[in-house]
Amino acid sequence: MQIDSIRKDFPVLNEIVHGKNLIYFDNAATTQKPKAVVEALNEYYYHDNSNIHRGAHTLADRATKAYEASRENLAKWFNAESSDQIIFTRGTTDGINLVAATFGKQFISEGDEIVLSTMEHHSNIVPWQMLCENVGAKIKVLPINEKGEINLEEAEKIFTDKTKLLAVVHVSNALGTINPISELTKMAREKGASVLIDGAQSASHLDVDVQKLDCDFFVCSAHKMYGPTGLGVLYGKRDILEKMNPYQGGGEMIKEVDFEGTTYNELPFKFEAGTPNIADVIAFNASLKYLQSIGRDRIREYENDLKEYGRKRLSEIGSLKFVGDADQKTAIFSFLLGNAHAFDVGMMLDAKGIAVRTGHHCTQPLMKHYGIEGTVRASLTFYNTREEIDILVESLIDIDKKLN
Amino acid sequence: MKSSEDIQNEIIEEFAFLGDDREAMINYIMELGEKLEPLQDLEKVEDNIIKGCQSKVWLISELKDGKVQFTADSNTAITKGLISLLIRVLNNRSPKEIIDANLFFMEKIGMSNMIGSQRSNGFVSMIKKMKIFALAYQGQLQND
Ligand SMILES: Cc1ncc(COP(=O)(O)O)c(C=O)c1O
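Heads up: the protein sequence lines correspond to chains A and W, in order.
First residue of the first sequence: 1, per the numbering used here; consecutive thereafter.
First residue of the second sequence: 1001, per the numbering used here; consecutive thereafter.
This is chain A alone, in the form it adopts within the complex (with noise of 0.2 Å):
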């Protein structure tokens, strides 16, 4: 991979922060975007500004024209059927909330339970307490081992004739552990549930194949795929959508509206209300464009290499200890440094330039299985080099000799 000129296209890899070249290890809260998605912003506004679907003019064309061009393209990049099983919403939680408030309340009820794993972001717990409090039904969790893998054998107890819905992230944000959605998936299947795979940390850095899957919702956020802030996608299957009810109403969701009732709109524009977030969709589409041109399988070779170095040296830190250490995993290393409080060790990095998130992550339930506060987590990409892991390490070692 030509990794300088990758590195060229990210203006935001040469700040210089306190004085040290940035190195940005925070990748899985959000990604950097490359210069084609900021230009394609400026672009938009500069030159089609304009509402879709209903304008009678050139620029709303041509706005409307790239509006769809990015759900087509989502479409392939998930492999889905169809580009109208591919919903905009404001990123991963609020395709959640969207799941639970309209599938959810429509086919939950009293006893039902749903399955959720321990390493569940809030986003992927809350929506569905909530909606357990409102229906009565119950949420029950899949435990993991000691590296923060689901166990298989222990998962298959947990779902009954009572599950209704298997709602699991696909790749952990707080662990890197990739979980073994298929076979989590058919184990849903044969009790007769549906499967909702939060992917807000697979969508960029695996393959993924929402037919290959055979889940029922596939949610994610444009952010953490190198786009815009406040965009996601929820992709559905087409007869579980089209049995749902639209969620919001008003804008394009609807066919005809008279005070007496009202008819909606087809897929996907019936959960689409209000005029949508269209510069950033399309500048979602330069993001998958940017991704595509240097190809997936690349991306994933190069960050695989990362992942298998980090880990090798980050190893060689006598007091690191990593929270999670799955067999399959992303480039997502958790840790603890000795006895040093995360917090510390992560304003530590930062004094040195280096940015990595520490505490919960979002994952309060995983962090209480672990009995810890919180950690610190350096999250990679493919602009990431094997020379920033070795910065990290030599940090890390001077941190250690200061706290420990």
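Just so you know, these hints were derived from the structure itself, not from any lab.
In this text, all values refer to a predicted model and were calculated from it rather than measured experimentally.
Think of the CB as a built atom: it goes at the ideal place given N, C-alpha and C, for glycine as much as any other residue.
This list has only true hints and no planted wrong ones.
The calculated EDC-like cross-link candidates involving lysine to aspartate or glutamate, where the alpha carbons are at most 16 Å apart (straight line), are:
no.	chain 1	residue 1	chain 2	residue 2
1	A	LYS20	W	ASP1021
2	A	LYS289	A	ASP9
3	A	LYS35	A	ASP4
4	A	LYS307	A	ASP325
5	A	LYS401	W	GLU1023
6	A	LYS402	W	GLU1034
7	W	LYS1051	A	GLU373
8	A	LYS237	A	ASP84
9	A	LYS402	W	GLU1031
10	W	LYS1129	W	ASP1100
11	A	LYS237	A	ASP209
12	A	LYS402	W	GLU1023
FRET-style restraints, in silico, Cβ to Cβ:
no.	chain 1	residue 1	chain 2	residue 2	range
13	A	ASN145	W	ALA1016	50 to 60 Å
14	W	MET1001	A	THR30	46 to 56 Å
15	W	PRO1038	A	LYS321	22 to 32 Å
16	A	ASN304	W	GLN1069	52 to 62 Å
Interface residues of chain W toward chain A, partial, derived using beta-carbon atoms under 8 Å:
no.	residue
17	SER1055
18	ASN1075
19	ALA1077
20	ILE1078
Chain W with the ligand: place on chain A using the hints.
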């Protein structure tokens, strides 16, 4: 005894001496924290906790000869250092002095830049708590 203003000016000078060197600043803050007497485990109870963002801070106070004595601890070295600065400014003063104290050093040493706005809020809670203790002691003194 120096006024709280004088002490704050001293702190500002010390930090000015460190310049823009973030690592030096953090190291210095941690050194200050190490000098703070640690609390006993039995003092580190829920009741004494001031909720910050990621770090835990325990604060206890005592009125001795009309002066308030503060002790504090934290589970993070950097926070502990920051708290030690507050104690240096406000410790061993009368309740009234503490209530009236105008704290300006944090802004001057660029604290919220350093620790982020959320954690600055935690720091503000710490100050509030110290002032609340002082208020309570003042009430006690007036009743005596
Ligand atoms: C696994 C996972 N799920 C959900 C989310 C929430 O994503 P968003 O804030 O974009 O809605 C995140 C983001 O941190 C995540 O990592």
